[in-house]
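Engineer: Dock chain B against chain A, hints included.
There are 2 protein chains.
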Amino acid sequence: MSDPASPWTLARRAARLNPSTIREILKLTELPGIISLAGGLPAPESFPVEAMAEASARVLRDQPREALQYAASEGFGPLREWLSAQLARDGLKADPARILVTTGSQQGLDLVGKVLVDPGSRVAVEQPTYLGALQAFAPFEPEFQPLACDDEGPLPEAFAAARGARMAYLLPNFQNPSGRSIPAARREAIVAQAAAHGVPIVEDNPYGELWYDEAPPPPLSAAAGEGAVYLGSFSKVLAPGLRLGFVVAPAALFPKLLQAKQAADLHTPGFNQRVAYEVVRDGFLDTHLPAVRARYKRQRDAMQAALQAHLPAGCRWQKPHGGMFFWVELPPAVDATALLPRAVEAGVAYVPGAPFFSDGGRSDCLRLSFVTVTPERIDEGVRALAGVIAQALDTRKAA
Amino acid sequence: MSDPASPWTLARRAARLNPSTIREILKLTELPGIISLAGGLPAPESFPVEAMAEASARVLRDQPREALQYAASEGFGPLREWLSAQLARDGLKADPARILVTTGSQQGLDLVGKVLVDPGSRVAVEQPTYLGALQAFAPFEPEFQPLACDDEGPLPEAFAAARGARMAYLLPNFQNPSGRSIPAARREAIVAQAAAHGVPIVEDNPYGELWYDEAPPPPLSAAAGEGAVYLGSFSKVLAPGLRLGFVVAPAALFPKLLQAKQAADLHTPGFNQRVAYEVVRDGFLDTHLPAVRARYKRQRDAMQAALQAHLPAGCRWQKPHGGMFFWVELPPAVDATALLPRAVEAGVAYVPGAPFFSDGGRSDCLRLSFVTVTPERIDEGVRALAGVIAQALDTRKAA
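One line per chain: the protein sequences are A and B, in this order. With the numbering used here applied, the first sequence covers 1 to 399. With the numbering used here applied, the second sequence covers 1 to 399.
Everything labelled a hint here was simulated from the structure, so no lab data went into it. There is no bait here: all hints are sound.
Partial selection, computed: residues in chain A whose CB lies under 7 Å from chain B:
1) 8
2) 103
3) 106
Heads up, the beta-carbon is just placed ideally off N, CA and C, and yes, glycines get one too.
Extracted from the complex, chain A is given alone in its bound form (with noise of 0.2 Å):
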């Protein structure tokens, strides 16, 4: 702020706020006429309308003061219950009064880095990983300190570097960006590693239920017990336009993300509380995730194929075997970034892997996003930005 007429100084942190790239990349891309493969939107035609609408309806007539009224900061008791109940389904025994109802899980990483970060305080990251955990956390000045990683997630040796860590924060299934999963022995490793050196662990699982192959291995947080932080969202088995999530807590932080919680909105919306119960409590989601994953499944195997079919050699990625992105490692010293212009010019969008890296690191690879547009556009958009790729190899071997 230059203007010395301004009343205003801003906090230290607000340095540390920046424009989302990623919203920046998805603004040039609602050009009409992209394919974007850039956003992270889950199909609109997997939400649940009917059943919202049938829920929506059954709150307001059955309980409309207690859904339009102030409510608890913990959240709606029956959700909770509900959620410790699916959670045990997935092997993590988790006591309803330790469960905190998010406003989005974005809300339980600003609670997170609200409560445990100091400025200076570290935090080690995968590499690469959530871009919105980074922003998250970043207001509040931590050290980023990278995790060595391979293709099975975070090394177990890396925990020693990452001691007196204020937490190493991991996406164990099908990570955004990397589309990787941790293996379950590796997540014994890590588990072991991170109590060893006494290294909490901030454990984020958005895409848990998303699983096209096989269901994944029990949460980290599952042997981590009291060592671990979950964090769990609805957005991508309901609807992100909800901000549903939740936060299960260890006896040393619950108290305090519950008074974070109470500073930050008083509570999320009951309305949409109670919403979501209506239409998950009788086993909706029995019937409904396994349509939402043979939708996903054909986009993931549409996408692999036309990555195969047309991506020119020198390309290097992983079938997912669950959530929405296909991560693509270029070959030596093509720059993704440099190249988004060119790929929208010819009709195709992503995002480039720059900032998912919590050093700014490698500009050589992409993300891709196979949820929201049909096979056919998958395969017209891989073509479209295979022939960006071949063009700049090209014009490097002339070079």
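Structural biologist: Same frame as chain A, now just chain B:
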């Protein structure tokens, strides 16, 4: 955290997070048979249930995909346009592009604190002031600076001492907890003095529409221009369970508040924003608000009559011209905090005044809400409270 085995280390700011005194009191007052004059809960009879039900059905029929998808962090465009037009009626020119929709106005307070307050920053506040704001700002570790006040609000000459404060947080209309309003002339003087001393204003106006005698003067922000942030809420005009509020921000702050909003919860639920817009778009409030005002005016008058009829000599209060609260000053040395358990025994609850003072200040005052219970119950509750106060006075005389 004294457990040596725990891997968790809390951020320093976590020490400034504390259980909400009011929420703890509210738990007490949920006991059956207690007449609660404690909570600030709007009368559920005033919620526009039918309009909400129709709007929800319409939104999920006509725009389900947009309502349930991720959405812009700024908020729903048509709702921001509507807010701009609505604020113009109150004398505040607000560019829709500078309106940020928040998850309740509590989130507006959190974002303002996040963007403006460094550890040790001074934040000037009225005495008493809204407890929820103290709680929202506290984690950012400000030093609260009391502004000297009289029955017309903060004294203009108090702003000289506030020079260098990151903000002066003010509630000009029917303040929570004091019920006090700032008259037009005092508003002008405050804006002039704040500008002269470079003190930016954060104006919180959740109660402005709840006037029972005459509409309040234009907001401070109308005169302060770029030197003020304005916070508003749908909680008192529609229903708090939607969690819808908004911030009107100057150019110097809007981008940072928006980025803080993205980091905090991505966006306020699009479903809720669209439902609220459907309810209000065609002038619904023009008939709804007069009905709400008429209801609350009856209850305000009932409480005024009850206080006049029952309270012992030495109690002092002003009849509020709007809002939800009476603020009662007790005879010297009667302690409202110490008295609460006896009041609850006698069947009535209130909120002691102490937590509303940033310095823990005065304990000889209490807050009474007139919006939640019927006129008959108000009379009954005030009569019980009067008995307890009279008893305390007798005990003091006897001692």
